[in-house]
Amino acid sequence: MNIKKTSLNNLHIKYGAKLVEFAGYQMPIQYKDGIIQEHKYTRSHSGIFDVSHMGQLFISGGDDLTNDLEKIFPADLKKLKTNQSKYSFLMNNKGGIQDDLIITKTSDGFLIILNAACKYNDYEVIKSKLDNQYKLNLDESLSLIALQGPEAKNVLNKVIPGCDSLKFMNGNNYVYKNEKVYITRSGYTGEDGFEISIKNSDAETFVESLIENGSKLIGLGARDTLRMEAGLCLYGNDLDNDTSPIEANLKWAIPKSRIETEFVGSEVLKNQFQRGVKKLRVGIKPDSKVIARGNTKIYNDKNQEIGKVTSGTFGPSVEHPIAMGYVDNSYSTVNTKIFLEVRGKKIPANICNLPFYKKNYVKGEINV
Amino acid sequence: MSEVKYSKEHEWIKLDGEEATIGITKHATEMLGDIVFAELPEKGSNVDKDGTAGVVESTKAASDVYTPVSGEVIDTNQMIVDDPSKINEDPEESAWFFKLKIKDKSEMDSLMSKEEYEKFAKETSV
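As given, the protein sequences belong to chains A and B, one line each in that order. Here the first sequence is numbered in this note's numbering, starting from 1 and rising by one per residue. Here the second sequence is numbered in this note's numbering, starting from 1001 and rising by one per residue.
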């Protein structure tokens, strides 16, 4: 299979990217400054992320669309106003997460942002569950650019005036070079920021203008350390087919109004809401400088295995190793002492609150 | 007169009489990226040629550090444990990893000269 390139591929090379294959695409893991500098620049100024490998699925056509989508997703789509976004899940019948995604109500339907590695499968699953009644367009003529950080609103406003009035988890249409762009205020870094859906042919000049206004390209390496500090899950690491949103500690994303209703996986979730879960996703802070990566085994003080790390790194802003993972629910309380098996040694650590780094979102009227 | 040689695992070794100082090359640090953790062998322990004698971790991944020769660990560099970013800054001088009392000087013979290593690094990097 050929490795795909995004419309920013030439720009990545121009700015000195180290390119790697990720989900079938050639993507920048880092640029010349390196992961730590890129991470810190995003936290202090603003960073540009090419996330064009992610899926942009537009669904439209038919009055029953909202109803039919609610049979798939556990989000309260009926209450969603036009241009409002919600974090939700595509689940299997066992309540396991097949993908985590963002659903935005558009003027004629919905836009769903899907993870790159899941997007083609998601498309097929959603299409079959909708019985081919609606128009589905996984639009690959569009790029997706994230601009994140405290300076993001100032930088973007210089290029596309007016977007600074958007509230968190809301979007709208704007114009760039006489072409429509769709911008949402959202992101994956724990910072204020935007995601801009733009025609492939305009993506390069758009990103160059963000750079001229003081922003920098940031690679997937820093994207990973930023999201971990923000306590956000990476599908495939922290979420998978065998893990439910309740176990993933993402109960907040299942609105109360939907718990008693039917959707794919609802039986399992209802049961878990009532009876609780065996394993739970937690934040983990090692006592020392040792880094516990994904798949590190977790033990209690009696040397019994109680869980597994799913993501771990060094947090450049918190200046300490950080991790998240799943433990037996009886060990999920904050400050519980646990042990991480790294290179044959048991490293002491504590269960801690997420996020590691405090969020800095611009709050809107909606409650996430 | 000290002699500096290089291994295929991207370590450098400087021999002064019986004392060998070992660290990782600048090329290695460039491949690893930002180093955020270093673990060194125990002082007084014995290490064997090509055996594991430490770990470095970047933001991306962990990598073993190997010793290019056998010997007894007589000193370790606490500076790089306290501040691993020093390894990126000055890998071939102040950010050395450990010192050995070398067991068999003939183990140096199979290692590469600076010119040979540079050629090797160029050929093996992507």
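Hints in this document: simulated from the structure, not taken from any laboratory. Since the model is a prediction, treat every value here as computed from it, not as a measurement. Among the hints, erroneous ones may be present.
[Unchecked claim] In silico SDA-like pairs for lysine to any residue, Cα to Cα no more than 25 Å straight-line:
no.: 1; chain 1: A; residue 1: Lys71; chain 2: A; residue 2: Asn353
no.: 2; chain 1: A; residue 1: Lys278; chain 2: A; residue 2: Asn350
no.: 3; chain 1: A; residue 1: Lys78; chain 2: A; residue 2: Gly16
no.: 4; chain 1: B; residue 1: Lys1060; chain 2: A; residue 2: Leu234
no.: 5; chain 1: A; residue 1: Lys289; chain 2: B; residue 2: Gly1033
no.: 6; chain 1: A; residue 1: Lys180; chain 2: A; residue 2: Leu234
no.: 7; chain 1: B; residue 1: Lys1060; chain 2: B; residue 2: Asp1016
no.: 8; chain 1: B; residue 1: Lys1060; chain 2: A; residue 2: Lys278
no.: 9; chain 1: A; residue 1: Lys289; chain 2: B; residue 2: Ser1002
no.: 10; chain 1: A; residue 1: Lys289; chain 2: B; residue 2: Lys1086
no.: 11; chain 1: B; residue 1: Lys1060; chain 2: A; residue 2: Leu130
no.: 12; chain 1: B; residue 1: Lys1049; chain 2: A; residue 2: Asp139
no.: 13; chain 1: B; residue 1: Lys1122; chain 2: A; residue 2: Val20
no.: 14; chain 1: A; residue 1: Lys135; chain 2: A; residue 2: Asp76
no.: 15; chain 1: B; residue 1: Lys1060; chain 2: A; residue 2: Asp76
no.: 16; chain 1: A; residue 1: Lys5; chain 2: B; residue 2: Lys1060
no.: 17; chain 1: A; residue 1: Lys289; chain 2: B; residue 2: Lys1122
no.: 18; chain 1: B; residue 1: Lys1122; chain 2: A; residue 2: Gly16
no.: 19; chain 1: A; residue 1: Lys18; chain 2: B; residue 2: Gly1033
no.: 20; chain 1: B; residue 1: Lys1122; chain 2: B; residue 2: Glu1009
no.: 21; chain 1: B; residue 1: Lys1060; chain 2: A; residue 2: Phe168
no.: 22; chain 1: B; residue 1: Lys1122; chain 2: B; residue 2: Asp1082
no.: 23; chain 1: A; residue 1: Lys153; chain 2: A; residue 2: Lys135
no.: 24; chain 1: A; residue 1: Lys270; chain 2: A; residue 2: Lys285
Exercise for the section: Could you work out which earlier hints the structure fails to respect and list their numbers in ascending sequence? Expected result: 1, 3, 6, 7, 8, 9, 11, 12, 15, 17, 21, 22, 23, 24
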